[in-house]
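Trainee: Protein chains in written order, with UniProt numbering: chain A, 1 to 291; chain B, 1 to 291; chain C, 1 to 291; chain D, 1 to 291.
Since the hints were made in silico from the structure, they are not lab data. Some hints here could point you the wrong way.
All copies of an identical chain are treated as equivalent in the list; a pair is satisfied when it fits inside any one copy or across any two copies.
Within a straight-line C-alpha distance of at most 25 Å, the following computed SDA-like cross-link-like pairs (lysine to any residue) qualify [as the list claims (entries may be wrong)]:
#1 Lys16 with Thr186
#2 Lys93 with Ile122
#3 Lys147 with Gly184
#4 Lys147 with Arg81
#5 Lys210 with Gly180
#6 Lys16 with Leu66
#7 Lys147 with Thr224
#8 Lys93 with Thr75
#9 Lys87 with Glu182
#10 Lys147 with Pro114
#11 Lys64 with Leu41
#12 Lys64 with Ile76
#13 Lys87 with Cys69
#14 Lys87 with Thr163
#15 Lys147 with Val177
#16 Lys87 with Ile157
#17 Lys210 with Asp25
#18 Lys64 with Glu115
#19 Lys93 with Ile170
#20 Lys210 with Leu174
#21 Lys93 with Leu66
Number of protein chains: 4
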Amino acid sequence: MPTQETLIPLTGWRRKLYIIIYEADTRLGRIFDLALIIAILLSVLTVILESVQSIQAAWGAQLKILDWCFTILFTIEYALRLICIHKPMRYVKSFFGVIDLMAVLPLYLGLFIPESRFLADIRILRLLRMFRILKLTRYIGEASELKRAMLASRRKITVFLVTVVLLVVILGTLMFVIEGPEHGYTSIPVSIYWAIVTLTTVGFGDITPKTPLGQALASVVMITGYGIIAVPTGIVTAEIARGSGAKSKTAEAVSGTRLCPHCFTEGHDWDARFCKHCGGQLPRPSKGEVS
Amino acid sequence: MPTQETLIPLTGWRRKLYIIIYEADTRLGRIFDLALIIAILLSVLTVILESVQSIQAAWGAQLKILDWCFTILFTIEYALRLICIHKPMRYVKSFFGVIDLMAVLPLYLGLFIPESRFLADIRILRLLRMFRILKLTRYIGEASELKRAMLASRRKITVFLVTVVLLVVILGTLMFVIEGPEHGYTSIPVSIYWAIVTLTTVGFGDITPKTPLGQALASVVMITGYGIIAVPTGIVTAEIARGSGAKSKTAEAVSGTRLCPHCFTEGHDWDARFCKHCGGQLPRPSKGEVS
Amino acid sequence: MPTQETLIPLTGWRRKLYIIIYEADTRLGRIFDLALIIAILLSVLTVILESVQSIQAAWGAQLKILDWCFTILFTIEYALRLICIHKPMRYVKSFFGVIDLMAVLPLYLGLFIPESRFLADIRILRLLRMFRILKLTRYIGEASELKRAMLASRRKITVFLVTVVLLVVILGTLMFVIEGPEHGYTSIPVSIYWAIVTLTTVGFGDITPKTPLGQALASVVMITGYGIIAVPTGIVTAEIARGSGAKSKTAEAVSGTRLCPHCFTEGHDWDARFCKHCGGQLPRPSKGEVS
Amino acid sequence: MPTQETLIPLTGWRRKLYIIIYEADTRLGRIFDLALIIAILLSVLTVILESVQSIQAAWGAQLKILDWCFTILFTIEYALRLICIHKPMRYVKSFFGVIDLMAVLPLYLGLFIPESRFLADIRILRLLRMFRILKLTRYIGEASELKRAMLASRRKITVFLVTVVLLVVILGTLMFVIEGPEHGYTSIPVSIYWAIVTLTTVGFGDITPKTPLGQALASVVMITGYGIIAVPTGIVTAEIARGSGAKSKTAEAVSGTRLCPHCFTEGHDWDARFCKHCGGQLPRPSKGEVS
């Protein structure tokens with residue numbers, strides 16, 4: 001939605017706040033972002049440790065407190081993010097807005113559904129945003145190159161996945177009919193699960209064919225899976241090989257550290273004055289703010 | 001077989017029926033096809049659910065009824081497909097004719113061999129045809145590109161598979177001699193099955209070498225398998241890489257939604273007046289029929 | 001070794017025999033070769049069936065007799081192969097000479113070491129020669145293309161394999177020290193076996209890490225293995241991609257059905273008059289013999 | 001650190017020693033290096049055999065003695081390496097200096113921590129240096145080509161690995177919440193371990209999903225892993241394909257057997273007079289020393 005009305009307060013403490021929280025080019029902004037990275041990593045670690053029974057037994061209380069501290073911290077941060085812009089809803093609905101919300105909800109939900117609180121470590125996804133802070137523009141470039149290759153071959157991959165799905169449904173059914181419940185193929189869904197386990201060459205071995213016919217079919221499945229793994233590889237490789245020839249602009253000129261206050265997209269060039277996505281004006285940190 | 005005598009009635013209700021059932025360009029045709037997709041998906045779902053004991057116990061009767069409804073529905077559809085053309089046998093012998101038959105037979109067979117009724121969900125194969133309905137011409141293009149790559153490298157892949165087969169027979173025999181029945185290698189076929197499980201890096205673990213010599217040979221097998229998986233990948237990748245250079249005509253100009261009434265092949269161009277496979281005339285839906 | 005003195009009798013029944021057994025261009029030669037293929041397949045099938053206890057119990061005697069029939073048959077064939085040339089030792093020492101011997105020895109050895117008789121189905125290797133009979137010159141071409149790609153990248157693959165070996169030795173040792181015998185890592189060789197099972201993503205699961213540290217290291221091993229599988233693939237793919245550009249001569253002009261009587265190499269052109277390997281003269285079946 | 005002051009004694013027995021130990025171009029140098037290779041292989045074999053209980057029981061004493069002999073031998077060698085240069089610390093801190101130390105320490109540590117003595121076979125890493133002795137310059141070339149490909153794609157691979165790590169953390173957490181401790185997913189770390197086992201298609205089967213929901217998620221994980229294995233492969237393949245076009249200088253002109261006495265780097269050209277890394281002068285074995 002091309003729009004010119006700006007989202008950010010033009011003056012005052014809210015503008016300061018905005019620059020600190022959303023921009024990464026000022027000293028304060030960098031400090032804030034680095035603090036955030038550390039907080040996220042520590043909070044994820046807390047959740048993970050909490051799930052280990054022995055540790056839970058020994059340090060349960062302390063971990064729970066830590067957990068709450070981080071959640072409150074992130075809640076405050078989330079609130080600040082909303083306060084310092086004019087149209088909070090737009091941020092809430094943006095990609096990172098959703099992730100930031102997901103980072104704080106689980107623990108509150110945990111008050112009602114205990115299990116769910118472990119989902120809190122989904123906040124690790126917030127690290128995705130941190131690429132830009134570490135000024136890893138080249139990495140952003142490479143990443144976008146991989147994304148491009150993926151997108152360019154998404155149709156081929158869809159065709160491939162559809163084929164795989166049809167295949168596993170049929171193979172699963174056949175195995176269910178051949179081996180039957182007495183050999184662990186208790187139902188068609190379970191047999192389909194087995195077919196996927198086998199076709200992808202994972203091979204847990206929790207369910208295995210016992211009858212000669214079943215083993216023969218399984219052999220066919222395995223050799224098929226062994227062979228068709230070549231297809232996605234071939235697709236992606238061909239794409240990357242082609243793409244890597246042309247120097248990717250992104251890897252060079254993009255700062256990846258500037259954020260559009262209108263649609264919250266990133267990857268704007270150093271010298272960009274307007275958002276390439278929504279046409280909104282991009283703020284420049286005023287000299288005074290840059291150290 | 002080049003032939004000019006047309007299969008479809010030139011006038012009357014049978015022609016109307018033909019347009020609806022076989023063509024996808026008229027409103028009625030589209031409605032019919034979409035209804036069919038839904039019916040197929042639901043019927044497959046029914047069969048799958050039926051195979052789950054708990055659900056079977058609770059809803060067995062209702063599912064069985066549903067099952068029969070779908071089968072009768074598909075039987076009627078199959079009959080209509082035969083009625084509205086002059087040379088039914090040609091359709092029966094065509095690729096989709098066989099699949100459509102396979103979609104209805106299992107349940108009838110189920111009256112005699114209970115197990116076989118689960119094969120009913122092979123009717124999921126009918127979805128293959130549905131690509132064209134959803135006007136997924138680009139996907140058809142990509143698919144045909146993959147198919148081309150596969151065909152172009154079929155010889156190399158054959159050579160590769162023959163090598164693999166010789167390999168697993170010999171490796172299986174060696175393991176049978178080394179480990180013997182007391183370690184689970186009860187016979188050469190079973191040992192060959194193990195060799196395939198190992199060479200394809202699936203590794204169920206239902207049979208594993210116990211003797212040092214057996215484990216040494218197994219290590220060789222695994223590293224071999226790990227190494228030669230490079231071969232099919234290399235073959236297909238090289239093909240796709242070469243192919244993807246040239247823009248594939250199919251992806252562009254083919255409608256993929258028109259059907260030859262003489263040999264029931266698809267993928268005819270929008271402006272094609274005759275079938276490129278059998279030379280038979282292609283019907284154009286009369287203006288009145290198009291909405 | 002360049003040599004001009006011919007190995008084959010110039011006249012008489014031995015020459016006839018030579019043409020029948022070694023050449024594939026005369027009617028008798030083709031019949032002989034096809035009979036041989038069938039005999040080989042059947043004999044391999046016999047050995048395989050013999051290893052299945054149930055079948056062994058029911059048909060043991062008959063299979064043993066069949067087994068002996070085939071062995072005697074192949075022994076006679078082997079003798080004939082020796083009789084109808086002047087320098088038998090040269091054939092004995094040639095690649096196929098060794099395989100042909102391996103095809104008959106096991107059963108005789110079986111008189112002393114019962115187990116070894118199952119090795120008889122190594123005679124399946126004789127099928128390698130049969131490519132030329134079925135006039136699969138194109139396949140021979142493709143095969144030689146793959147072989148070329150393999151040879152061209154043998155050094156890279158060696159470097160890769162050496163790295164893998166160093167890796168598994170070290171990883172195996174670490175796991176042995178970390179997990180120890182009580183968790184199934186009874187010795188360093190076994191731990192190395194485990195490392196190979198894991199690095200190649202086979203993952204039998206007969207030995208698995210129990211301690212957190214062990215599982216952490218295992219995770220590293222798995223991601224490593226998952227990553228470095230890219231290397232051999234990349235190597236071979238690059239080779240094939242380069243090679244497949246140039247039309248391979250072999251696929252076209254080579255007959256693949258002519259045999260040098262001096263060094264027993266194959267793949268001589270239709271119009272070749274001398275062996276390209278040893279310079280010996282190539283025999284042409286006299287018109288009278290060709291039907 | 002560019003520096004001109006040489007590390008090696010210009011005359012006397014220490015110079016002789018230096019040439020023998022560090023250079024591979026004199027007869028004595030070659031003999032020394034080959035002796036070293038054999039010693040390393042034997043010592044590694046000793047350690048491995050020692051870990052096998054049965055052998056340990058029968059030959060424990062002898063192996064322990066052998067073990068000590070090798071360790072003392074390598075200790076002496078290490079000492080000599082230090083004696084015959086002026087700035088020993090520089091060697092100690094160099095890559096191979098560290099490895100050489102690691103090769104002797106474990107057994108001494110073993111006096112205090114028995115287990116650790118098995119780490120002695122990490123000395124197998126010393127073989128890395130042996131490439132140059134066997135004058136395997138072409139292999140060194142290939143190896144450096146692979147290294148180049150790896151380095152060129154390190155960023156893409158980092159991005160890929162980061163994605164994988166985020167993925168397994170989230171998938172592990174989900175499985176922990178879905179399946180819970182009663183099905184073997186005792187904690188989030190364990191669940192992450194499971195996610196890695198599954199995503200890399202290793203599939204030990206020591207932990208497997210039991211609930212339908214868990215199996216459904218597992219299926220997604222497996223197909224994801226099956227699909228994204230294409231990415232690293234694609235990356236490396238594209239790199240190798242590009243690189244293998246240009247003839248790599250290394251494979252040709254580099255001797256790989258000359259060593260800089262200042263920074264202990266290798267791979268200097270035959271005719272190089274100064275180290276390309278630190279600018280230090282490279283010693284030429286005096287004619288008298290070359291046989």
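Trainee: Are the hints correct? Go through all of them and say.
Mentor: We went through each hint and held it up to the structure:
1. Taking CA atoms no more than 25 Å apart as the test, lysine 16 paired with threonine 186 passes in neither setting, with 62 Å inside one copy and 46 Å between copies.
2. Only within a single protomer do lysine 93 and isoleucine 122 lie at most 25 Å apart by alpha-carbon distance; the minimum there is 18 Å, versus 42 Å between protomers.
3. Within a single copy, lysine 147 and glycine 184 get their C-alpha atoms no closer than 40 Å, and across copies no closer than 36 Å, so neither meets the 25 Å cut-off.
4. Taking the closest pair of Cα atoms, lysine 147 and arginine 81 never come within 25 Å of each other, the shortest separation being 28 Å inside a single copy and 45 Å across copies.
5. In this homomeric assembly, lysine 210 and glycine 180 come within 25 Å of each other (Cα to Cα) both inside a single copy, at 10 Å, and across copies, at 18 Å.
6. For the homomeric pair lysine 16 and leucine 66, neither the shortest alpha-carbon distance inside one copy (29 Å) nor that between copies (65 Å) is at most 25 Å.
7. In the homo-oligomer, the alpha carbons of lysine 147 and threonine 224 lie at most 25 Å apart only across protomers (15 Å), although the nearest pairing inside one protomer, at 28 Å, exceeds that limit.
8. Proximity of lysine 93 to threonine 75 under the C-alpha cut-off of 25 Å is restricted to the intra-copy arrangement: shortest distance 17 Å within a copy versus 49 Å between copies.
9. In this assembly of identical chains, the alpha carbons of lysine 87 and glutamate 182 never lie at most 25 Å apart, being 61 Å within a copy and 47 Å across copies at closest.
10. In the homo-oligomer, the alpha carbons of lysine 147 and proline 114 never lie at most 25 Å apart, since the shortest distance is 37 Å inside one protomer and 49 Å across protomers.
11. Within a single copy, lysine 64 and leucine 41 get their C-alpha atoms as close as 16 Å, which meets the 25 Å cut-off; across copies the closest is 47 Å, which misses it.
12. Only within a single protomer do lysine 64 and isoleucine 76 lie at most 25 Å apart by alpha-carbon distance; the minimum there is 18 Å, versus 56 Å between protomers.
13. Taking the closest pair of Cα atoms, lysine 87 and cysteine 69 never come within 25 Å of each other, the shortest separation being 28 Å inside a single copy and 54 Å across copies.
14. For the homomeric pair lysine 87 and threonine 163, neither the shortest alpha-carbon distance inside one copy (45 Å) nor that between copies (32 Å) is at most 25 Å.
15. Within a single copy, lysine 147 and valine 177 get their C-alpha atoms no closer than 41 Å, and across copies no closer than 30 Å, so neither meets the 25 Å cut-off.
16. Within a single copy, lysine 87 and isoleucine 157 get their C-alpha atoms no closer than 38 Å, and across copies no closer than 38 Å, so neither meets the 25 Å cut-off.
17. In the homo-oligomer, the alpha carbons of lysine 210 and aspartate 25 never lie at most 25 Å apart, since the shortest distance is 64 Å inside one protomer and 47 Å across protomers.
18. In this homomeric assembly, lysine 64 and glutamate 115 come within 25 Å of each other (Cα to Cα) only inside a single copy, at 14 Å, whereas the closest approach across copies is 38 Å.
19. Taking CA atoms no more than 25 Å apart as the test, lysine 93 paired with isoleucine 170 passes between copies only; the shortest distance there is 22 Å, against 40 Å inside one copy.
20. Within a single copy, lysine 210 and leucine 174 get their C-alpha atoms as close as 14 Å, and across copies as close as 22 Å, so both meet the 25 Å cut-off.
21. With identical chains, the CA atoms of lysine 93 and leucine 66 are never at most 25 Å apart, being 29 Å at best within one copy and 42 Å at best between copies.
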